[in-house]
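A.B. asks: Chain A is fixed; fit chains B and C onto it per the hints.
Protein chains in written order, with the numbering used here: chain A, 277 to 730; chain B, 21 to 568; chain C, 185 to 383.
Careful: at least some of the hints might be erroneous.
[Said to hold, decoys possible] Listed below are the simulated DSS-like cross-link pairs for lysine-lysine, each with C-alpha atoms no more than 27 Å apart in a straight line:
(1) A:K306 x A:K553
(2) C:K284 x B:K157
(3) B:K413 x B:K436
(4) B:K464 x B:K436
(5) A:K679 x B:K77
(6) B:K379 x B:K413
(7) B:K235 x C:K284
(8) B:K379 x B:K405
(9) A:K679 x A:K553
[Claimed, not checked] Non-contacting residues of chain B with respect to chain A, defined by C-beta distances greater than 12 Å in every case (computed):
(10) D27
(11) G63
(12) A83
(13) P85
(14) A105
(15) G107
(16) E151
(17) E201
(18) R307
(19) H360
(20) E375
(21) L394
(22) L457
(23) G462
(24) L495
Bear in mind the hints are in silico, worked out from the structure with no lab data behind them.
Just so it is clear, the structure is predicted and the values come from calculations on it, not from any experiment.
Beta carbons are placed, not taken as given, at the ideal position from N, Cα and C, and that holds for glycine.
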Amino acid sequence: MAQYLTRNALDPAQRELQTALRAGAYLGFKQALSLPPQEVVAEIDASGLRGRGGAGFPTGRKWSFIHAKEGQTVYLLCNADESEPGTFKDHYLIERDPHLVLEGVAIGAYAIGAHRAYIYMRGEYASLAETLAAALREAMAADIIGPNCMNSGYDLRITIQLGAGAYICGEETGLIQSLEGRRAYPRVRPPFPAVHGFLQEPTVVNNVETLACAARIMAEGAEAFKDHGTGRSAGTKLISVSGAVERPGVYEVELGYPLMEFLQGEAGGIRGGRGLKAIIPGGTSVPVLTAEEAAPLTIDYESMQSAGTMLGSGGMIVFGDDTSMPQALLRIAEFYAHESCGECTPCREGTGWMAWVLRRLLAGEGRPGDLGLLLRVGDNIEGRTICGLGDASVQPVRSFIRKFRPEFEALLPEPVQAVAWQSHGHGPRTGRFGPPAEEATRSEAVDGPPTAAL
Amino acid sequence: MPIVTIDGRQIEVEQGVSVIQAADRLGVEIPRFCYHPDLRPEGNCRMCLVEVDGFPKPVVACATPVVDGMVVKTPHTSPVASRAARGVLEFLLVNHPLDCPICDQAGECSLQDFYMHPDYGQHRSHVDPEEKIHKRKRVNLGPRIVLDAERCVMCSRCVRFSEEVSGYAELQFVRRGNHVELTAFEDRVLEDPYAGNLADVCPVGALTSRDFRFKRRVWHLSHTDSVCAGCSTGCNVRIDHFDGHIERVVPRRNPEVNRSWICDEGRLSYQSLTSIPRLTHPREGDRRLLWAEAIALAHETLHSAGAVTGLPLAALASASATNESLWLFRQYVEVAFPQHLLEFRLGREMETVAEREDKLLRRADKHPNTMGALHLGYGRGLGLKGLLDLAEKGELSRLLMLYYPPLVGQEAEETKERIAGLLARVPESVVLTTHELPYLTGAKLLLPVAAWSEEEGTYTNHQGVTQHVGKAISLREAVRPATDILGDLWQVATAARRETAPERLFREIAMSVPAFRGLSYAGLESRAATVYPPEGRMHYGQEGFAGR
Amino acid sequence: MARKASRVVDVRRAAEARTDVLSTAAGTLAGMEVTLRNMVRATVGREHVTIQYPEQRKPYSRRFRGVHVLTHRADGSLKCTACYLCETVCPAQCITIEAKDVDDPRVEKAPSRYEIDLARCIFCGFCVEACPEEALIMSREYDLTAITRGPETLTYGIDRLTERPEIAAYGAGFRPHMQYPLVESYLPGEGPEKAAAEE
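The shape of chain A in the complex, shown without the other chains (with noise of 0.2 Å):
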């Protein structure tokens, strides 16, 4: 258990300006605000603080992509969408220790040279929404965030802005067609949103949790942050655990502390003293693991890595050994299909589709070849999506079925010598395009070479 971001979320008291003072709140801002913006992005690259939304990209390197030419406006964006099944963590910092988080959005906005700056929050995180606000006119009374911030002649108007829930709204374009007002379609890439973003103005989107980090960066310099974690994994992350554990919740963990002692020892090990099964270890979008798969695991980007799958945005879900895994998966792409913006193609049928076929697999009435049919509509999907969710749809289903195959094959029918139905002879016809009757010939039709033409 490492102390560093979440140093003073315990104090009930955090919440008021005076008592986050106290504690050492907007030192970091103070101390940015007396450099020069490059030097504060310099600082950020030196601390190897990466993205805690999910895909862990540096901060510094996105932060120096913004190049605003004249006559440009530069927007920050805070990301507070949290949407992430499994995902709680931001929930937790912000209601816990508002002020961390207007102080990283106030230095990420000071860095890049944004006047104006937006935290764009989930629908469902209306009652959050009013304790960050009620921070936020705190700072802006003592003069802290409004025009002249600190009297360092730099003006910040912050913005709070609630969504209307969706998952997709949490995705960088996505989020910022919806701040527009628009339907939260995301856009396709290039340009990306530091040429052309909100408004189609040079735009950094950021993590709640990593603006924080930010802000902690500044206060205590880049080295205090790399004392935490590992070479390439500096400093602390947000865990939020959840599933068949004994003490699910939010906890700040050391990047490269080890997995199962984690979750033996502060999560309080699988509930029930059953069995480890599986680990989600970032958010429904990243594979699974099987318990063998995990016990060597370290908390960091390249241990997840090397295991193929990723730290994400830190959302555990533990699965303990009597869980249901197709089940659980019918759970995940239930999710993904609803959540589907149905802008582009793949994800719009595909993800609908893959959550149809598991539905009729646990239904009973699964075909031959519908586990081939899962992964196939899977790869087709892959990579050709305009923003992440597609691929982050595909992630679960595959790891599960590569993974866990026997529970998904003990929910297939018998095997029936099926006789292949040929297409082009006439067989006895159910309906008005119908297949010949057999259940078992589908699979043939389904199945069948998409490649063989190839």
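C.D. replies: Below, chains B and C without anything else, positioned relative to chain A:
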């Protein structure tokens, strides 16, 4: 300028051109639904995925700008791109209702075309109709458009058209995932005067034209390239006809004139050709004449009275006539009548020719060839009003008029009254016209002429662009092209034969009139834009039905 | 009837035997074998080969391609959705269709006019094969005569293609999926009501 290699062929393009545009110029087909040359690229259909060397994943050709040295492989040569396109097409068909037999788009549907292509289609997945997601069918979006939400591929071309082009922004998607559905706000009917284009931009059968609905299967249609005669904009169109009837008019792409669009009034202007009765035979009062009699009578009418009184002949030709008709009309009048008053103005054409009616295409002047008339030396006289004043003073005794009623809207009441007044006051009048019109009944002799779509020729639009107008429909009854009739009159007057083929006449114009110098008929035809559908899509297996 | 095995004919010997009167007669008789046999059967055995058409008629194949029939749905509406596939495929171009909007949300479209010019029809059956809905099938009606040509005689419209006494008299003929019963398509006078009444 960047040079790109697509399927092994190189092309140099300007900065900022997308891969799909470069491929279109090379004639390499990249399948697409959402890309449209006159709309902002959106990249949502993912059908145009191509493999680019050095990129880890296939990229969308429509939204990827060409970079120098880029090597692109389309589904025709790349297994990766082919697999991507096939996968996307399979997804598009998962919830497609496959009601092609009752779908008007069948035959010109991108889904059908791409499915038949060996490089993108012909996968064998099967989804039962009961398992598909059903959406609303036959939604009334007003007098122009019918929506079938099930057939929609969510390419958003229509949404972008109504936002970016017409500006009415009446369409949007609702719901999420595979339940996404196109809808008009609160299901209100579309008020967009350009709504007809929605059916054209729709690559599938989701938005179909109510006017064309179920009229004819598209593979039965014959096509003739033409230019809309509804106003002075001169939008390039294609007339689709079957068995001597115009079934629909669709725009052709011409970036200089109308891009890919046409207004609804122009699109439906063909209806006014048949909505009022046509003049079918030469007629003196109520007596039908044979053409030989009619020509002789016309000659007699125009010459006898003039010889006695010595008053000038008033020659009035509508700006809806082709350049060729106007040219021959003027030549005939000059040769046969030493004293004449040549005019084309019925109203304020000269002032309104370039006046916009809206910000997109429509113009106030409802004549397609006002510029042509001006170039050909018309418009230096008195105008209809002036002629009427002369007639009232009794200084006019003969009138030769070539008159076409407007295809869009009605002739102004004032103009009707003036024409009727002129015909009432001038005793000897010959009128060449297309329809039985109440305000023309005062004419001594009425001669039926071919209307738009029935004769070949050229129009010069408000920009001064001369465009070729094709002949789609064969002439009915005793109707003849104006040029033929004028040629006959010429022959009676001068005892010499006159060449009246539009192509020959245009050559004469090009040689004698400065504004037309250097133009040739063949050149005009080849300059006509890409055929509909606007992005130059190929049609597979269509040859079998051609020439029906 | 069993076929005779083929024989090898020695051409030289056949040429030598050409003048042989007897063998010439035998050859003639052999050639008339069938005729003679039937003559004997008809005269002695009184077994007639010809039939007394039109009073007597021979049964025709179930696959016979006779005059067309438009089938209907259970509710009596026309099965045809005016997709024009038959018109498109027709090599004689003898089918004319005009479509109309209908209120039924399931089909939207139906023919307002459906005509087959049977004077031009070559009874190839392509139209029936093209039909995706078994809306157009053929009957076994074969004796199609008229003393004048024209729309009132040999051009059959929707009325005569759906209902005419000959359909029941001759029965249904060719359609693509002959081995299976019609799916949701009914001939005139047939339908779920009739099937229920029979049970």
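A.B. asks: The structure should be examined with respect to each hint, and the outcome stated for every one.
C.D. replies: Hint-by-hint comparison with the structure:
{"no.": "1", "hint": "A:K306 x A:K553", "verdict": "violated, 48 Å"}
{"no.": "2", "hint": "C:K284 x B:K157", "verdict": "holds, 16 Å"}
{"no.": "3", "hint": "B:K413 x B:K436", "verdict": "holds, 20 Å"}
{"no.": "4", "hint": "B:K464 x B:K436", "verdict": "holds, 17 Å"}
{"no.": "5", "hint": "A:K679 x B:K77", "verdict": "holds, 25 Å"}
{"no.": "6", "hint": "B:K379 x B:K413", "verdict": "violated, 43 Å"}
{"no.": "7", "hint": "B:K235 x C:K284", "verdict": "holds, 8 Å"}
{"no.": "8", "hint": "B:K379 x B:K405", "verdict": "violated, 31 Å"}
{"no.": "9", "hint": "A:K679 x A:K553", "verdict": "holds, 11 Å"}
{"no.": "10", "hint": "D27", "verdict": "holds, 16 Å"}
{"no.": "11", "hint": "G63", "verdict": "violated, 4 Å"}
{"no.": "12", "hint": "A83", "verdict": "violated, 5 Å"}
{"no.": "13", "hint": "P85", "verdict": "violated, 8 Å"}
{"no.": "14", "hint": "A105", "verdict": "violated, 10 Å"}
{"no.": "15", "hint": "G107", "verdict": "violated, 3 Å"}
{"no.": "16", "hint": "E151", "verdict": "violated, 7 Å"}
{"no.": "17", "hint": "E201", "verdict": "violated, 9 Å"}
{"no.": "18", "hint": "R307", "verdict": "holds, 61 Å"}
{"no.": "19", "hint": "H360", "verdict": "holds, 62 Å"}
{"no.": "20", "hint": "E375", "verdict": "holds, 34 Å"}
{"no.": "21", "hint": "L394", "verdict": "holds, 44 Å"}
{"no.": "22", "hint": "L457", "verdict": "holds, 52 Å"}
{"no.": "23", "hint": "G462", "verdict": "holds, 61 Å"}
{"no.": "24", "hint": "L495", "verdict": "holds, 46 Å"}
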